[in-house]
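Participant: As they're listed, the protein sequences go chains A and B.
Under numbering that gives the first Met the number 0, the first sequence has 337 at position 338, and the numbering climbs by one with no breaks.
Under numbering that gives the first Met the number 0, the second sequence has 101 at position 102, and the numbering climbs by one with no breaks.
Any given hint could be a false lead.
To be verified - Computed footprint of chain A on chain B, listed as stretches where at least three residues anywhere in the stretch have a Cβ under 8 Å from a Cβ of chain A: (1) 68-76; (2) 88-96; (3) 123-134.
Hint data in this document are derived by calculation from the structure and do not stem from the laboratory.
Glycine included, every Cβ here is placed at the ideal spot set by N, Cα and C.
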Amino acid sequence: MRDAEPRRWPVAPTLTVLAVLLAVAAMIAALAGPLSVTPATLWQGLWYDGLGDGGGEPGYRVVRDLRLPRIVMATLVGAALASTGAALQGLFRNPLADPGLIGISAGAALGAVAVIVLGGGALGHQAIPLAAFLGALVTTFLMWRIASRGGETRVALLLLAGIAIGAIAMALTGVLTFMADDNELRTLTFWSMGSLAHSRWSDVALVAPWLLAGTLLMPLLARPLNGLMLGEQAALHLGHGVPRAKRAVMVLGAVSVGAAVAAAGQISFVGLVAPHLVRLLIGVDHRWLIPGAGLLGALLTVFADTLARTLVAPAELPIGLVMALLGGPFFLVLLLRRNGV
Amino acid sequence: MSDALLDVAGVTVRAGQRTLLSQVRFQARAGERLALLGPNGAGKSTLMRVLAGDLSPDAGAVSLHGRSLRHWPLAELARRRSVMLQHTPVGFPVRADEVVALGLPGRRHGNAGDPLVGELLARFGVAHLRGRAWPSLSGGEQQRVHLARVLAQIWDTPGPRLLLLDESTSALDPAQQYRVLEQLEVLAEQGDYLIVLVCHDLNLANAFASRVLMLDQGRLLADDGPRRVLTPERLAAVYGLRSRWLEHPDGSVLHVEGALE
Numbered sequence: 000m001r002d003a004e005p006r007r008w009p010v011a012p013t014l015t016v017l018a019v020l021l022a023v024a025a026m027i028a029a030l031a032g033p034l035s036v037t038p039a040t041l042w043q044g045l046w047y048d049g050l051g052d053g054g055g056e057p058g059y060r061v062v063r064d065l066r067l068p069r070i071v072m073a074t075l076v077g078a079a080l081a082s083t084g085a086a087l088q089g090l091f092r093n094p095l096a097d098p099g100l101i102g103i104s105a106g107a108a109l110g111a112v113a114v115i116v117l118g119g120g121a122l123g124h125q126a127i128p129l130a131a132f133l134g135a136l137v138t139t140f141l142m143w144r145i146a147s148r149g150g151e152t153r154v155a156l157l158l159l160a161g162i163a164i165g166a167i168a169m170a171l172t173g174v175l176t177f178m179a180d181d182n183e184l185r186t187l188t189f190w191s192m193g194s195l196a197h198s199r200w201s202d203v204a205l206v207a208p209w210l211l212a213g214t215l216l217m218p219l220l221a222r223p224l225n226g227l228m229l230g231e232q233a234a235l236h237l238g239h240g241v242p243r244a245k246r247a248v249m250v251l252g253a254v255s256v257g258a259a260v261a262a263a264g265q266i267s268f269v270g271l272v273a274p275h276l277v278r279l280l281i282g283v284d285h286r287w288l289i290p291g292a293g294l295l296g297a298l299l300t301v302f303a304d305t306l307a308r309t310l311v312a313p314a315e316l317p318i319g320l321v322m323a324l325l326g327g328p329f330f331l332v333l334l335l336r337r338n339g340v
Numbered sequence: 000m001s002d003a004l005l006d007v008a009g010v011t012v013r014a015g016q017r018t019l020l021s022q023v024r025f026q027a028r029a030g031e032r033l034a035l036l037g038p039n040g041a042g043k044s045t046l047m048r049v050l051a052g053d054l055s056p057d058a059g060a061v062s063l064h065g066r067s068l069r070h071w072p073l074a075e076l077a078r079r080r081s082v083m084l085q086h087t088p089v090g091f092p093v094r095a096d097e098v099v100a101l102g103l104p105g106r107r108h109g110n111a112g113d114p115l116v117g118e119l120l121a122r123f124g125v126a127h128l129r130g131r132a133w134p135s136l137s138g139g140e141q142q143r144v145h146l147a148r149v150l151a152q153i154w155d156t157p158g159p160r161l162l163l164l165d166e167s168t169s170a171l172d173p174a175q176q177y178r179v180l181e182q183l184e185v186l187a188e189q190g191d192y193l194i195v196l197v198c199h200d201l202n203l204a205n206a207f208a209s210r211v212l213m214l215d216q217g218r219l220l221a222d223d224g225p226r227r228v229l230t231p232e233r234l235a236a237v238y239g240l241r242s243r244w245l246e247h248p249d250g251s252v253l254h255v256e257g258a259l260e
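If we strip away everything but chain A, and leave its shape as in the complex, we get:
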């Protein structure tokens, strides 16, 4: 029988390895690119100048002003998407639930696209991420209202409502895309396929609190999510505050996915794959699964973004595309091997 006795890797070493790999990926990302920078240049810049202009050394300035904010953004976005994915999968008791599937990010993308196409640039660039953020919150609120009756929120209904609202949001995005002119279309691609190309330190500062909220607070809900593996009623019998946990997961999820889409557009897959892989490695306990997924999500996103900007340099691929092209086949192989094919 397949997987009759699942093996678990020890938690602490696994999380440590993931953290080290993330640091290595970040280092590679800082040095790689059209303008290659040596570690020595980086070191000198930091040593002599700190956060000043690095003695005018262009390599150092590229890293400091362009690559580093991008790496930090990729880390935060990847961690937020993957932590949220892990928590949503636990809440819905469904390994397929991810922020993309249940419509939160589709709502965010719709918000952004609506401003791009209908706002006609009059609203200014800051309005787009704001609209994405609001789009995520509104979609989540709608899902919640549809699934709640008489003070009770039914998780199965929440999932179905999310899928339906996501489909509607995607259709509306399609209508808007149809209406868009060439110039708007190019901006649109950014939101629908994801990109970190425009991340600067000011953008990082804007979204970091929201992204960190999802990543750092979600693990606090680990116990009720563990209980929910046995179903809602059994979780209540175990003494977990299930209604509160449901609300908290949805609010944190909406906030952090909204911020992630606002910062980087729609990056699919990472919220689905990272929790899945970490579950295979260290098991289902959400106390370790959520932070583990966060680390792996950050690692995958930093890696994918590095490929996105180096593969066809000086042009760039959308990161969502890279993620799906790399992750999809890998995920399939994994599924087939585990099924003994």
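Assemble the complex: chain A is given as a structure, and chain B must be docked to it using the hints.
Facilitator: Chain B alone, transformed into the frame defined by chain A:
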């Protein structure tokens, strides 16, 4: 003030026009083993939901340790009453020992290496399955793992505790059923556990229970020792069954001959 652990005082539950439970009242102490019997739709599951605290009665109240269930904080209640539902599907490929560890209270939550996990799995004869993935376990094995889990939840709580079991042995083979019930009987006899078991097997109820509660159409018809409750007359009236007791010096058995015309 009585020494009852569980006090069910005139519980009535309605759903629309229908009355699911009507004026049910009984008390029970730790050490007792109650079997809750009755035909389908008699109100057994509704009563279990009320006892578990999932459902607030429309009239009457249920108290545990003299305190109404609605006034127990969820987490504190969970330390003193544990519930095994008829169906508890497990969402992810969890291992058997991890399922039991979900029941562990406080800081021990989720620690599959806790000695109690192995001890309880062994008590129900499934220690060898501890590393197995949930989907690879048979229905009867899953039930025994769940039994270990619901016991883990209240095992180390001092004082009297309530264990609610809804058809918890339905998937076990006959020998395993008796083995599990013997274990539960041992626990009850040590004096700390009040066990309430819903079941459909009349002989099993007779073998296990110190008291049998017979429900029919939401009313508590009888509440007494098994031999006094499970009379052929009552079984005919409630279930429409033909039956008689076969007397034997080692213990009598209820022989069910068939359904009445």
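Participant: So, for every hint listed, does it hold in this structure?
Facilitator: Hint check:
no.	hint	result
1	68-76	holds (count 4)
2	88-96	holds (count 7)
3	123-134	holds (count 3)
Going down the numbered hints, you'll see the structure goes against none, and every one checks out.
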